[in-house]
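Asks: Residue numbers (the working numbering), protein chains in the order written: chain A, 17 to 378; chain B, 118 to 448; chain C, 52 to 126.
Derived by calculation from the structure, the hints in this document are not laboratory data. Note that beta-carbon positions come from the ideal geometry of N, C-alpha and C, so glycine has one too. Hints may contain errors.
[Said to hold, decoys possible] Interface residues of chain C toward chain A, partial, derived using beta-carbon atoms under 8 Å:
(1) Val54
(2) Glu109
(3) Ala110
[Unchecked claim] Listed next, the in silico DSSO-like pairs over lysine-lysine satisfying Cα-Cα at most 30 Å (straight line):
(4) Lys104(C) - Lys296(B)
(5) Lys245(B) - Lys142(A)
(6) Lys304(A) - Lys59(C)
(7) Lys277(A) - Lys104(C)
(8) Lys221(A) - Lys104(C)
(9) Lys350(A) - Lys139(A)
(10) Lys139(A) - Lys304(A)
(11) Lys59(C) - Lys296(B)
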Amino acid sequence: MTRTFDPADAQLQTQTLLEKIQSYTGPPISVMEVCGTHTVAVARMGLRPLLPQGVKLISGPGCPVCVTPVETFDKAIYLVEKGVILATYGDAMRVPGTRTTLADARANGGRVEPVYSALDAVKLAKANPDDQVVFLGLGFETTSPTAAHAIMVAGRENLENFSVLCAHKALLPAMEALVADPQMEIGAFLCPGHATMVIGSDVYKPFCEAHRLPCVVTGFEAQDVLLGLLWILRQAKEGRAEVENAYPRAVDAQGNVGAMKMLATVFRPADARFRGIGVLPGGGYELKEEFAHFDAETRFLAGVEVESREPAGCMCAEVLRGRIEPSQCPLFAKTCTAENPVGACMVSSEGACGAHYRYRGV
Amino acid sequence: MDRITKSHGGGGAHMRALISDIFKSKFGNPELDKLNDFAAVTLPTNRIALSTDSFVVEPWEFPGGNIGDLAICGTVNDVAMSGAKPLYLTAGFILPEGFLISDLEKIVDAMALRAEEAGVVIVSGDTKVVDPGSGPFINTAGVGVIETELEIAGSSAKDGDAVIITGHVGSHGIAVLSKRESIGFGTEVLSDVAPLSGLIAALVDDGLELHVLRDPTRGGVAEALNEIASQSGVEIEIDDNLIPMEQGVLSACELLGYDPLHIANEGCALVILPADQAERALEVMKTQRYGVHATIIGKVSDGAPRVTAKTLLGSRRLVDSPSGELLPRIC
Amino acid sequence: MCVAVPGKIVSIDEFDMAVVDFGGTTREVSLAMVEDPATGEYVIVHAGFALHKVNSEEALETIELMRQALDDSNF
Numbered sequence: 017m018t019r020t021f022d023p024a025d026a027q028l029q030t031q032t033l034l035e036k037i038q039s040y041t042g043p044p045i046s047v048m049e050v051c052g053t054h055t056v057a058v059a060r061m062g063l064r065p066l067l068p069q070g071v072k073l074i075s076g077p078g079c080p081v082c083v084t085p086v087e088t089f090d091k092a093i094y095l096v097e098k099g100v101i102l103a104t105y106g107d108a109m110r111v112p113g114t115r116t117t118l119a120d121a122r123a124n125g126g127r128v129e130p131v132y133s134a135l136d137a138v139k140l141a142k143a144n145p146d147d148q149v150v151f152l153g154l155g156f157e158t159t160s161p162t163a164a165h166a167i168m169v170a171g172r173e174n175l176e177n178f179s180v181l182c183a184h185k186a187l188l189p190a191m192e193a194l195v196a197d198p199q200m201e202i203g204a205f206l207c208p209g210h211a212t213m214v215i216g217s218d219v220y221k222p223f224c225e226a227h228r229l230p231c232v233v234t235g236f237e238a239q240d241v242l243l244g245l246l247w248i249l250r251q252a253k254e255g256r257a258e259v260e261n262a263y264p265r266a267v268d269a270q271g272n273v274g275a276m277k278m279l280a281t282v283f284r285p286a287d288a289r290f291r292g293i294g295v296l297p298g299g300g301y302e303l304k305e306e307f308a309h310f311d312a313e314t315r316f317l318a319g320v321e322v323e324s325r326e327p328a329g330c331m332c333a334e335v336l337r338g339r340i341e342p343s344q345c346p347l348f349a350k351t352c353t354a355e356n357p358v359g360a361c362m363v364s365s366e367g368a369c370g371a372h373y374r375y376r377g378v
Numbered sequence: 118m119d120r121i122t123k124s125h126g127g128g129g130a131h132m133r134a135l136i137s138d139i140f141k142s143k144f145g146n147p148e149l150d151k152l153n154d155f156a157a158v159t160l161p162t163n164r165i166a167l168s169t170d171s172f173v174v175e176p177w178e179f180p181g182g183n184i185g186d187l188a189i190c191g192t193v194n195d196v197a198m199s200g201a202k203p204l205y206l207t208a209g210f211i212l213p214e215g216f217l218i219s220d221l222e223k224i225v226d227a228m229a230l231r232a233e234e235a236g237v238v239i240v241s242g243d244t245k246v247v248d249p250g251s252g253p254f255i256n257t258a259g260v261g262v263i264e265t266e267l268e269i270a271g272s273s274a275k276d277g278d279a280v281i282i283t284g285h286v287g288s289h290g291i292a293v294l295s296k297r298e299s300i301g302f303g304t305e306v307l308s309d310v311a312p313l314s315g316l317i318a319a320l321v322d323d324g325l326e327l328h329v330l331r332d333p334t335r336g337g338v339a340e341a342l343n344e345i346a347s348q349s350g351v352e353i354e355i356d357d358n359l360i361p362m363e364q365g366v367l368s369a370c371e372l373l374g375y376d377p378l379h380i381a382n383e384g385c386a387l388v389i390l391p392a393d394q395a396e397r398a399l400e401v402m403k404t405q406r407y408g409v410h411a412t413i414i415g416k417v418s419d420g421a422p423r424v425t426a427k428t429l430l431g432s433r434r435l436v437d438s439p440s441g442e443l444l445p446r447i448c
Numbered sequence: 052m053c054v055a056v057p058g059k060i061v062s063i064d065e066f067d068m069a070v071v072d073f074g075g076t077t078r079e080v081s082l083a084m085v086e087d088p089a090t091g092e093y094v095i096v097h098a099g100f101a102l103h104k105v106n107s108e109e110a111l112e113t114i115e116l117m118r119q120a121l122d123d124s125n126f
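Just chain A, with the same shape it has in the complex:
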């Protein structure tokens, strides 16, 4: 591993940063960690119980699996039952659809292949020329350019049997929706390091100015998270609201221009349903007309109605908006556990419920 910080110093560095955070005397503030990987890092290092009075960390909607609506999984399962080979990230395997999960569909004889990369799905299509391979693409702007690239590769190679069921989401519209929610009291955003690596930290500037909210981009090692939070608290104390980058080894102002270009070549912004948040204008991506041949919706799902409903009693919707803590859901750690998840937020270990459950404090 190419660690930035010497593990030998971790104890001292994290303790020093924590002490600084704990000495915060500014106004009370709720900080949303937008990104699920931050949620996991926060839970794993046991930060929440150590925060000073008045400082609250709210887990946001940045878990791609969690914000993918139940009908997407129902569609994927429908395709599996129709005989396609469905390739997707391991994260999606155990997410409950209305009736069942992709993992169960596989146990029932369906062909579902967990992959690590969209290009692995293209490989699968090449290796199985007599089968249709559908790649269920999930994720924000970190991941969506990789799906775009896979589609371009499939196009170059004239692969007739590869297509994408697109559930890719856009980060900024999700953040806008959270701020627009009158029930939300977000005082600052801890912005996702890796999505920002692609979209660039400048993207937050108009957002930050319009809403007067500190936006600090940071990474995922314990020191990164603590530094990001410290900077947010410093802004809050000094009454500033700026975009700051605490993750310069991965993030710059412009982001990965090539990746964004690739994204724009294949996809165009579209309204998209977020689980728990509803339909957000420009909240996701769909394939452009010239790539319709690679769109599983067009090819296999035109006119198909799948019956979808969210699980009864599940409060993922409220959790995703940061309105309640996972432990405030009546199902949490009772009928909804990591072993038998009811809602999507419990399935992914970076989902708010999953992270809170797996690393719940004692």
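Guided by the hints, dock chains B and C onto chain A, whose structure is given.
Replies: Chains B and C alone, transformed into the frame defined by chain A:
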């Protein structure tokens, strides 16, 4: 003939040839050589440990070993975790039609070597041939003699005990996962598959007051510790940062989103005993080939039956059992 | 949101695919989204794609930010 056919499982001349050419020639010992449907053996004590395990690892060959290594070490270790000295094993093979006989020989060679290393004798066996498509599968059963008065069991962990892991964590699971086609990554990590009978015998013979021995196979260290906490009704607290593991295991876990505590092991054991004997236990372990990386990773206390880990910031969090199949994650 | 880890480019083929070493774990990674990658350089990889080239100045900048934060006697 270079492949397994149905006739190898059919009870005729082919089967007799397979038994004498491969199994007898490689496992040969007086009891097996009698070719009875049973083995009759004499045991030095009347307190024995029995165990059986089936091996279905896919792919059957992986960095650091093959299914044959697992079939011997897995059962030897299960028997040894009672504090027993494993003595005799049986082996049942379920082979797919078309399986290369040269591959079977590789498997049987590995078994013969491991049996010798572990000091056990394979005294009875069986072969079946099934339609191609999956396998090979192996079942082994083992018997060992318990010569200690100790009641070594998952329910014996007590307040004030120390928790030791005898070796690096996660190597077996990572070695096997690296060969799964849909994930496909390269690693220098080799499976840790090894018989622990010698290591355990050294601890028993030293007179240490062993409370619990457990090999953290499927489900990894997290699963094994949760089982022990629940069986013994105690709280087990570990320090994440003390868990010994190879760099390659850590980096594979970071890349693919696995938790090292959830990864299977085949050559290390959790040893729980009174804290004041922990240092002596470490000394003994370090004289053994499979104990050189032994480390104290935690302690047992009275409390709710659960496993907790000290976090980097000094707070504590729960350590849960893994939930099902290990899948690569991108988020 | 996204697991991404830094690794070192070990070799590159003519299709912009590389073998990247993550410290004892190697994986095939697409370099289609980074400019002028070279063997020996460090990249941050997500879902099988290099998305950012790490240069030593940026890495030092991070360490410097951390040093400042730790040394800063004020909040």
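Asks: Holds or violated: the hint that Ala110(C) contacts chain A, with Cβ atoms closer than 8 Å.
Replies: Interface hint status for Ala110(C): holds (5 Å vs cutoff 8 Å).
Asks: Check whether the Cα positions of Lys104(C) and Lys296(B) lie no farther apart than 30 Å.
Replies: holds (28 Å)
Asks: Does the alpha-carbon distance linking Lys245(B) and Lys142(A) stay inside the 30 Å limit?
Replies: violated (36 Å)
Asks: Going by Cβ atoms only, is Val54(C) closer than 8 Å to chain A?
Replies: Given a least distance of 6 Å, the restraint on Val54(C) holds.
Asks: Can you confirm whether the C-alpha distance between Lys139(A) and Lys304(A) stays at or below 30 Å?
Replies: holds (23 Å)
Asks: With the threshold set at 30 Å, check whether the alpha-carbon distance from Lys350(A) to Lys139(A) stays at or below it.
Replies: At roughly 41 Å apart (the allowed maximum being 30 Å), Lys139(A) and Lys350(A) break the hint.
Asks: Given the hinted pair Lys304(A) and Lys59(C), is their alpha-carbon gap at most 30 Å?
Replies: violated (35 Å)
Asks: Does Lys221(A) pair with Lys104(C) here, judged by a C-alpha cut-off of 30 Å?
Replies: holds (24 Å)
Asks: Keeping to a limit of 30 Å between CA atoms, is the pair of Lys59(C) and Lys296(B) held or broken?
Replies: holds (22 Å)
Asks: Given the hinted pair Lys277(A) and Lys104(C), is their alpha-carbon gap at most 30 Å?
Replies: With Cα atoms ~17 Å apart, Lys277(A) and Lys104(C) stay inside 30 Å; holds.
Asks: Have a go at the Glu109(C) hint: is there a Cβ in chain A nearer than 8 Å to its own Cβ?
Replies: holds (4 Å)
Hint violations for this structure: numbers 5, 6, 9, all remaining hints satisfied.
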